[in-house]
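Taking the hints as your guide, dock the two standalone chains into a single complex.
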Amino acid sequence: MSAMWVATLVSSLICYILKYLGYAIPESFLANPRVQRINTLIPIVLLSALVGVQAITNKSEIVFDQRIAGVAVAAIALKFKAPFPVVIFSAAITSAAIYNWL
Amino acid sequence: MARVSLSKAQVFRDSMSVALPVGTYGIAFGAAAVANGFSVIQASLFSILLFSGASQFAVVGVMGAGGSALSAITTGSLLGFRNGLYSMRMKPILNVQGIRKIFAAHITIDESTGVAISQEPRGEAAMRYGFWATGIGVFIFWNLFTLLGAFGAQALGNPSAWGLDAAVPAAFLGLVWPRLIDKQSKLIAISAVAMALILTPVAPAGVPIIATVLLAILFGWKPKA
Numbered sequence: 000m001s002a003m004w005v006a007t008l009v010s011s012l013i014c015y016i017l018k019y020l021g022y023a024i025p026e027s028f029l030a031n032p033r034v035q036r037i038n039t040l041i042p043i044v045l046l047s048a049l050v051g052v053q054a055i056t057n058k059s060e061i062v063f064d065q066r067i068a069g070v071a072v073a074a075i076a077l078k079f080k081a082p083f084p085v086v087i088f089s090a091a092i093t094s095a096a097i098y099n100w101l
Numbered sequence: 000m001a002r003v004s005l006s007k008a009q010v011f012r013d014s015m016s017v018a019l020p021v022g023t024y025g026i027a028f029g030a031a032a033v034a035n036g037f038s039v040i041q042a043s044l045f046s047i048l049l050f051s052g053a054s055q056f057a058v059v060g061v062m063g064a065g066g067s068a069l070s071a072i073t074t075g076s077l078l079g080f081r082n083g084l085y086s087m088r089m090k091p092i093l094n095v096q097g098i099r100k101i102f103a104a105h106i107t108i109d110e111s112t113g114v115a116i117s118q119e120p121r122g123e124a125a126m127r128y129g130f131w132a133t134g135i136g137v138f139i140f141w142n143l144f145t146l147l148g149a150f151g152a153q154a155l156g157n158p159s160a161w162g163l164d165a166a167v168p169a170a171f172l173g174l175v176w177p178r179l180i181d182k183q184s185k186l187i188a189i190s191a192v193a194m195a196l197i198l199t200p201v202a203p204a205g206v207p208i209i210a211t212v213l214l215a216i217l218f219g220w221k222p223k224a
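Taken in order, these protein sequences are the chains called A and B. If you read the first sequence in numbering that gives the first Met the number 0, its first letter stands for residue 0, the second for the next number, and so on. If you read the second sequence in numbering that gives the first Met the number 0, its first letter stands for residue 0, the second for the next number, and so on.
Just chain B, same shape as in the assembly (with noise of 0.2 Å):
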């Protein structure tokens, strides 16, 4: 027993050392949402509903530059899509029927899943106890910092003059830089980058955002050589 709960500190830890830090990215979402035009009921309700950082700012960074709600979603959309492929992988380990499946599924997040595989070579039971405990954790922080950051933009008025306009960039770069991980993801990042910014005179906003996907498909359609 002494050894089953010793174990089960240590994922707690593991977990909340996660859930911490990326609970308060939450104040960056808060405020980039209430900076895009987004009320601050709107902000919090992303942080509740969608709980899924990149989908989150993607969709009030597009309508932030004027894309429609179509290409809004479509591009949290297509970000949404990994978490499906965790959900899959968690299936399995959690192994979870009826209201917990619900609530399995709605914390079935890059950090929830990241930190159960960690915990892989404690045992199933410590995987699934670093998923409930990170997807929980992160759902808890996550959305108090939202709260706080929607109100502290409301609060600051002029996006532009508290720089808030540079730290959606800044956040996007964050959330993207961990993947960049050898020259192919490098290259594939700036190539979408080039395409936006040539699409963005010609197509309607939002489109330029969404057209990048065509790399996705053109650069993953083969295996690495």
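Okay, chain A solo, but in the shape it has when bound (with noise of 0.2 Å):
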């Protein structure tokens, strides 16, 4: 089976897992305050890391083109509060402009 078809059904399989744990057991650890403001804080650290990643990176090397102007585009459409939609609309357009034709 390929690394695709791993990293798609064992996902897939953990994180139903995770949302059945919350019905299945009784009270949990997970009740602990500090246990929460770590989780709140996961989601940060990591979507945060991949837009750096997604947008600085190619594979090890840090590899500065289009996608930056389009996720600075992305990031003024989020400031002035525009929908998904539109954000990743402007930053594909953005980024798709200047590959093509700079």
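Mixed in with the good hints, there may be bad ones.
Derived DSS-like pairs (lysine-lysine); straight-line CA-CA distance at most 30 Å [claimed, not checked]: (1) A:Lys80 to B:Lys182; (2) B:Lys223 to B:Lys90; (3) B:Lys221 to B:Lys185; (4) B:Lys223 to B:Lys185; (5) B:Lys182 to A:Lys78; (6) B:Lys223 to B:Lys182; (7) A:Lys80 to B:Lys185; (8) B:Lys223 to A:Lys78; (9) B:Lys100 to B:Lys7; (10) B:Lys90 to B:Lys7; (11) B:Lys221 to B:Lys90; (12) B:Lys221 to B:Lys182; (13) A:Lys78 to B:Lys185; (14) B:Lys90 to B:Lys100; (15) A:Lys80 to B:Lys223; (16) B:Lys185 to A:Lys58.
Partial pick of chain B residues on the chain A-facing surface, computed with a CB cut under 8 Å [unchecked claim]: (17) Ala53; (18) Gly151; (19) Leu172; (20) Gly173; (21) Ala204.
The set of hints was computed from the structure by calculation and includes no laboratory data. In this text, a Cβ means the ideal position worked out from N, Cα and C, and glycines have one as well.
As structure tokens, this is what we get:
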């Protein structure tokens, strides 16, 4: 089985188990305030890291290209409270324009 | 009776006003999955089986950046952890058993939990209805739009020529943006970007992303001053 398939199926299984656990276990350490605080921060660090890696790296190198301009425009759109599809489209259009014509 | 159905209609409207726009983000996911080398079927399976947007984007994002399946799964699972906390929150309200519990768990995500909690002033019946309506609504729209995005990206070809390579980080930015509510969270976000970029040349792909969990532990260890 290819790595793609492993990633697809195993991550789906684990994420389902995580959802189910909350209903299955009676009381839990998850109610601990420290775990709650850390859990609130986990999406912030992972999603932020993904923004950086997806926008400014290629394999194991730091690469500055058209993607940064796209993400910068997305940030401006978010600043002005644009809806999600507008954010994505404005990033894509900016990046594609630079890629194709500059 | 009239009052009950009136409030049900209101809850339904609240649920759909969340489910439809959120569901349309599925286009971005389907496109991102295909742009990062997944097939249309795999993209679709993510939305059917995993069904949690941030985790889905993370798995395809890490794999697309050259990461191993293990780092992709770890990142996706860490992001899926919060759904377990939502389940704990929803458990006493839904009070589900058997097959309903299996389905309830599957649709326990940001949006279904969020709408359910927002219905608290209308009572537990409204919370339950909001949970199911939103969860099922997001599931349907999310899957339809995933297919649309995946087929669309497949038809387009070179991801860079269509800006899909920028759409993926923009999607992550859109997902993290509403969570950056104060100075501390912004500082943490910037630290995470810096840490991931510093580690990128020296650590195997995927690891720089997972490593930022250390920042979450560090900053979350003690209550905010």
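Checked hints:
no.	hint	in the structure
1	A:Lys80 to B:Lys182	19 Å, holds
2	B:Lys223 to B:Lys90	28 Å, holds
3	B:Lys221 to B:Lys185	17 Å, holds
4	B:Lys223 to B:Lys185	14 Å, holds
5	B:Lys182 to A:Lys78	16 Å, holds
6	B:Lys223 to B:Lys182	11 Å, holds
7	A:Lys80 to B:Lys185	17 Å, holds
8	B:Lys223 to A:Lys78	26 Å, holds
9	B:Lys100 to B:Lys7	22 Å, holds
10	B:Lys90 to B:Lys7	21 Å, holds
11	B:Lys221 to B:Lys90	28 Å, holds
12	B:Lys221 to B:Lys182	16 Å, holds
13	A:Lys78 to B:Lys185	14 Å, holds
14	B:Lys90 to B:Lys100	9 Å, holds
15	A:Lys80 to B:Lys223	28 Å, holds
16	B:Lys185 to A:Lys58	26 Å, holds
17	Ala53	6 Å, holds
18	Gly151	11 Å, violated
19	Leu172	5 Å, holds
20	Gly173	5 Å, holds
21	Ala204	7 Å, holds
When the structure is compared with the earlier hints, a violation turns up for hint 18 alone.
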